[in-house]
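As they're listed, the protein sequences go chains X and P. Residue numbers for the first sequence, in our numbering: 72 to 849. Residue numbers for the second sequence, in our numbering: 72 to 849.
I should point out that these hints are in silico values taken from the structure, not numbers from a laboratory. Careful: at least some of the hints might be erroneous.
Since the list can't tell identical chains apart, any single copy or any two copies may satisfy a pair.
[Unchecked claim] Dumping the calculated SDA-like pairs for lysine to any residue here, alpha-carbon to alpha-carbon at most 20 Å:
| # | residue 1 | residue 2 |
| --- | --- | --- |
| 1 | 373 | 521 |
| 2 | 252 | 417 |
| 3 | 413 | 257 |
| 4 | 752 | 421 |
| 5 | 573 | 563 |
These numbers come from a predicted model, not from an experiment.
There are 2 protein chains.
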Amino acid sequence: MATLQDLGVSAAINISITFLFLIGFAFLKLQPVNDRVYYPKWYIKGLRKGGTKGDRRSLDKLVNLDYKQYLYFLDWMREALRMPESELIEHAGLDSAVYLRIYLLGLKIFLPLMILGFAVLVPVNVTDNYLVSSASQVISTNIDKISMANVKNGSQRLWVHLSMTYVFTAWTCFMLYIEYKTVAGMRFRFLATEHRRPDQFTVLVRQIPPDPDESISLHVEHFFRVNHPDYYLSHQVVYNANKLAKIVKKREAVQNWLDYSQLKYARNPSVRPTRRKGFCGLWGETVDAIDYHTAQIDQLTKEAAAERERVLGDEKAIMPVAFVSFRRRWGAAVCAQTQQSKNPTLWLTEWAPEPRDVYWYNLAIPYVELTIRKLLITGAVFALIFFFIIPVTFVQSLANLDGIEKKAKFLKPIIERHFIKSFLQGFLPGLALKLFLHFLPVILMIMSKIEGHVCLSMLERVTAVKYYYFMVVNVFFASVLTGAAFEQLNAFFHQAASQIPKTLGDAIPMKATFFITFIMVDGWSGIAGDILRLKPLIIYHLKNMFLVKTEKDRENAMSPGSAGFDTVFPQVLLYFLLGTVYAIITPFILPFIIIYFGFAYVSYRHQVINVYDPEYESGAAFWPQIHNRIIASLIFEQITLLGVFSSKKAADSTPFLIGLPVLTIAFHIYCRNRFEPAFVKYPLEEAMAKDTLDKATHPDLNIKRFLQNAYMHPVFKIEEDDEEGNYALDAPEDEPALVPTKPHSHGNTPVVSVHEGDSPASAHGSPTYASSGSLIHH
Amino acid sequence: MATLQDLGVSAAINISITFLFLIGFAFLKLQPVNDRVYYPKWYIKGLRKGGTKGDRRSLDKLVNLDYKQYLYFLDWMREALRMPESELIEHAGLDSAVYLRIYLLGLKIFLPLMILGFAVLVPVNVTDNYLVSSASQVISTNIDKISMANVKNGSQRLWVHLSMTYVFTAWTCFMLYIEYKTVAGMRFRFLATEHRRPDQFTVLVRQIPPDPDESISLHVEHFFRVNHPDYYLSHQVVYNANKLAKIVKKREAVQNWLDYSQLKYARNPSVRPTRRKGFCGLWGETVDAIDYHTAQIDQLTKEAAAERERVLGDEKAIMPVAFVSFRRRWGAAVCAQTQQSKNPTLWLTEWAPEPRDVYWYNLAIPYVELTIRKLLITGAVFALIFFFIIPVTFVQSLANLDGIEKKAKFLKPIIERHFIKSFLQGFLPGLALKLFLHFLPVILMIMSKIEGHVCLSMLERVTAVKYYYFMVVNVFFASVLTGAAFEQLNAFFHQAASQIPKTLGDAIPMKATFFITFIMVDGWSGIAGDILRLKPLIIYHLKNMFLVKTEKDRENAMSPGSAGFDTVFPQVLLYFLLGTVYAIITPFILPFIIIYFGFAYVSYRHQVINVYDPEYESGAAFWPQIHNRIIASLIFEQITLLGVFSSKKAADSTPFLIGLPVLTIAFHIYCRNRFEPAFVKYPLEEAMAKDTLDKATHPDLNIKRFLQNAYMHPVFKIEEDDEEGNYALDAPEDEPALVPTKPHSHGNTPVVSVHEGDSPASAHGSPTYASSGSLIHH
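Bound-form chain X, shown alone:
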């Protein structure tokens, strides 16, 4: 077990690293040449304009020579806090603003608890002497002396801990309630003040049954014309353009190579660049690169055109899925919330996601497959969670240096050197874990995609759930219950239900110091590493050097990224779990967590303001998930405390703990009924109010025109741009994460004609492709 000194060393290392990162960040972001890496948000908003490459001549455009600015290298923190929340919502969206509130919520919950803990619990713990009297049994550190471990068995002092647990639960629930209420209110205000958006009028319809007599498009129109006669406006069918998207993506890659070759040639016109024809240009016949790539692009463009023609002309390429739009929000709200068909597995309606939030690839999945996919992925995630543990546990065992020394005696002189020992014990386990976790989100996101969700926001949320479970099992439990961790699963099944709290109560208090180092490595240095943006910095400069030709290219090279809710939520929720579980047992952990929340709040506020460009806006739809996980942490804490109390043989006070989970669950049910529908449904009252306002302010609005191409597959839009001759680096189809394809950033040229509801005469045939590049109904 790590001593206080180990902890000190670890803290020193981590604080140094953090400061190093911060200084690096401050230095790098002041250089004008990096401006697009550290302030991309402002470029996207069009509030900053950078110099083009031609301006490279003057040095001060590259390097900041104003030494004064370097003195205030932490000034960005003050800057980040300056923007008021309402402005932040307008600047970065509600998702980002509410995301930041999670860190604030951490501060609001744990700061008062820390003060209470140090004022009440620490004195109570430190004045007892259980650890001194039983020193032979338990190896203890100074930290344990101020923790609950130092209280004697059966001591009356445990009543203090009991009442503090109630205070803690009450305070946490109170803060959660306030926050849920605030966020729900913010969401309503946001949705109410929002501009007219296509998704407010549109419903995604899945499982359109095949009809032998008419095409899918016609079938949809007839169905909704009959069942929503007063509100149906138009619909857009969905084409299976996955192959086209693949071709377009490939062409983009070749385009990059072409750009690279052209740039190379421009810089050194004496030598025409060459490349080999084979795999990755590594072998095969040597050819002129520019000619080769140009030919390739021509070929792919032709392929794309042919494929496009095939998709648009082929009845079979139309998926049994459609975006159905209504005249008024009220009609869409009704359709999204009701069952349409007698067969409840047909004509399934749900709110359409924002156009930029749609994950087009998965719309082509047949609905029946979804259940099977869900089942398989659930199994796969379970396996991943419980067997990924093997390597993690191996690395964890490194922390147990005494064991290694015994087995490998020759290592003893090295390990026994004080500093190295502290370093190994304090730093390595956390770092190893962090590295392990680095590649996981990608795998989990792929799994979520296979599961078949149709919007990015949902994908991020379900990935976050998977990742959270992973973290809880593999970071929390694997660390708490040392030993091969899938054996723990086995042990769990072979253990009586009444035994589980005791096991937890025995194991969890022992691991406080480990989690403190974990917080410093994962939390503190991690955040500093995040704002340093080393990876985007390097990529940006590489792209700038080899690929950027036009201003638009440079804009695309910025890759501001987004907050990445799929990874940040599990992380922050893990800190909530740690804080909740240890708040009573080892209050000493709270300052570390509070520093994490505070630092994270400031840093990510800076990022949200200056860097991130969210791909979608879900209106804080993730909040119920955050809330529910914190409640689950609370209940877990209460079960753990049951175990701790019964280990302490506090027979008097233990029964009083049993009421807590019941109360917490009641609170949870109340909150769910009160607030959760606000995040799932769209009340008719609201829809009607917005409709009425719309009617009053824009009486002659042509809503059909507004919705016309809103739900067109982005790949058709790219093709359109291409045909207009301005083809460039643009959004690859299944990685919209990098460059969001917002509808407003593209022209409104009609590619797929909307099947209009007003003129039934116009919709009686399969769509055919006309040479003008648009679809016309005959």
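Position chain P against the provided structure of chain X, taking the given hints into account.
Relative to the frame of chain X, chain P by itself:
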């Protein structure tokens, strides 16, 4: 443990009792004087007309003298089976028809399984000799020799049982699927062909927020006029008439006494009947009964009128609940399925129950109370389930005669007499249990009422759930795991999860014979007792003797009752559980269960056709519950078999069992998605189709007139009848079970004026009571 001989004695007793009951039934129902007890349904339908009291002179109106009819005393069975299902639905409603299908389903599932079991499993079991070889360890009976207990540990024969388990599960799931599909189809056809009913156009709105500026009625109208402008028609507010209902109920009781006294006087005009004034007429001043009761009734009528005026005039007597009607079914379907208000706990909408299905008393409960009530009742039911067990277990222990003999040696000579021993062991435990269970449904129904459900169908369904859990714990588990049963709950918590199947697998096979006797007592004799209708027979004749003055009185005295889903569902589901659990382990139990299902089907079909008069029609809304419980039984069986197999040390085959629960759960999820919405939601397609049909066939229908008084509290209707001078025995407010108050059976005199949607000018004040007996808005 009971031997085969004990079982034979028990069977003989039960079969004798059953036949005795049947002969009694055949005899009684042939007497014309009992005609209204055994064929009330036909009287209610108006297809039979009985003689009045005056006709008593001729003997053959009282007693059936046609001896030939007595010869075919089982003829009613053939009669019962004759009516085709479509006619049955029309005759008794879909609920009853589908209820009978549950017994058929039992036959469909278990009959093939029994044949397979006796053809495959019994030969496999009986040719092994585990019990003979290990006779010293296990006390075995002949039944055990043909059960799985006779297979040697680790025998390869267990592969037969394993594959049979798969066959069994597959067959059960297949039948469940077919049945779910059929019932869902029946429900749709039923709803589609149904006549126009008020509940198709009406939505129950709860949690209407108070408004300082306007009355509830006005607030409702404004809200729906704004948010459903095209569909809102009218609404009816709900008055808190619980006190009025109490007064009316009391008056009915006094009316009965008055009728009794008047009849007594009529028969013996020389003596005026007297009674004492005090409690129950047992003490106090002696007064003339007729005068006394007449005065009482006058007093109560005045009280009722005053109370009625108070309720209708007092703004505070209007509950924040309303029945809102729409112009078209489509509008109601939309309103019932969508969220209305921004605050998801306000303006809650759900489909209105049928008028006769409304449980008015609970509409007055504030919505916030409901969560608390639910929590408290859940706790109370839990306590009831786990502590009611104490007396049951005590009686159960009687079956263990060997133990009693040891403790009370003097009883030995009596007990040891062969016949008495068999009787005690075979008959008593089942009977004792049955008696215990007799009074339970009433308690559970009261609990459900306290929970606050607002319709009778829902009340019966939630009571059925409570009762089922009770039966499973207190009949099934308490019998299987002998010993104090709440200790079992304790043991369960102190047992590893992996240990549970083993405990079950060890205990369950031992109890097959007990459940066979249980089936005979509870099932066979129980059904025969049910159709004998001894209790209604006695009550009818008592009423006829003392209270009946008019033909209408006699009609009210019939009390046909209903099937009582709250008690029959748990019973039949318990038989499904027994059949499922023992089908593989002890196939010998199946014939007994099949006889139960067959006999029950015929008997209850007779009852449904001739006796029961359902209080409501829910369109088989209970089916998902039946389906899900059978699925749960299947999973329970699979877990038990896991235990049995591992007890048998069948290490090869046990792992293959683990797939079964997974497959069953997948099947369950599939069925839930596919069929359950059909029982909960009302598809817009369907609503639109019926609306269109209505429009075509009745273009000039005045729907507002049709809905006018549909949702009036029945107590106002009684009062109305009373004022019209034809007051008599009528439906007491909170016992609509006895006499359903169908809207069509009462006049359409307007008592509560409908707040009409068309003329907003008419709805701007609180309702006042006018002398004409109707409410007028000023």
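Hints, one by one, checked against the model:
For the homomeric pair residue 373 and residue 521, neither the shortest alpha-carbon distance inside one copy (30 Å) nor that between copies (73 Å) is at most 20 Å. Within a single copy, residue 252 and residue 417 get their C-alpha atoms only as close as 36 Å, which misses the 20 Å cut-off; across copies the closest is 15 Å, which meets it. Taking the shortest Cα distances, residue 413 and residue 257 sit within 20 Å of each other only across copies (12 Å), while inside one copy they are farther apart (37 Å). In this homomeric assembly, residue 752 and residue 421 come within 20 Å of each other (Cα to Cα) both inside a single copy, at 10 Å, and across copies, at 16 Å.
Taking the shortest alpha-carbon separations for residue 573 and residue 563, both the intra-copy value of 12 Å and the inter-copy value of 16 Å come in at or below 20 Å.
Going down the numbered hints, you'll see the structure goes against just number 1.
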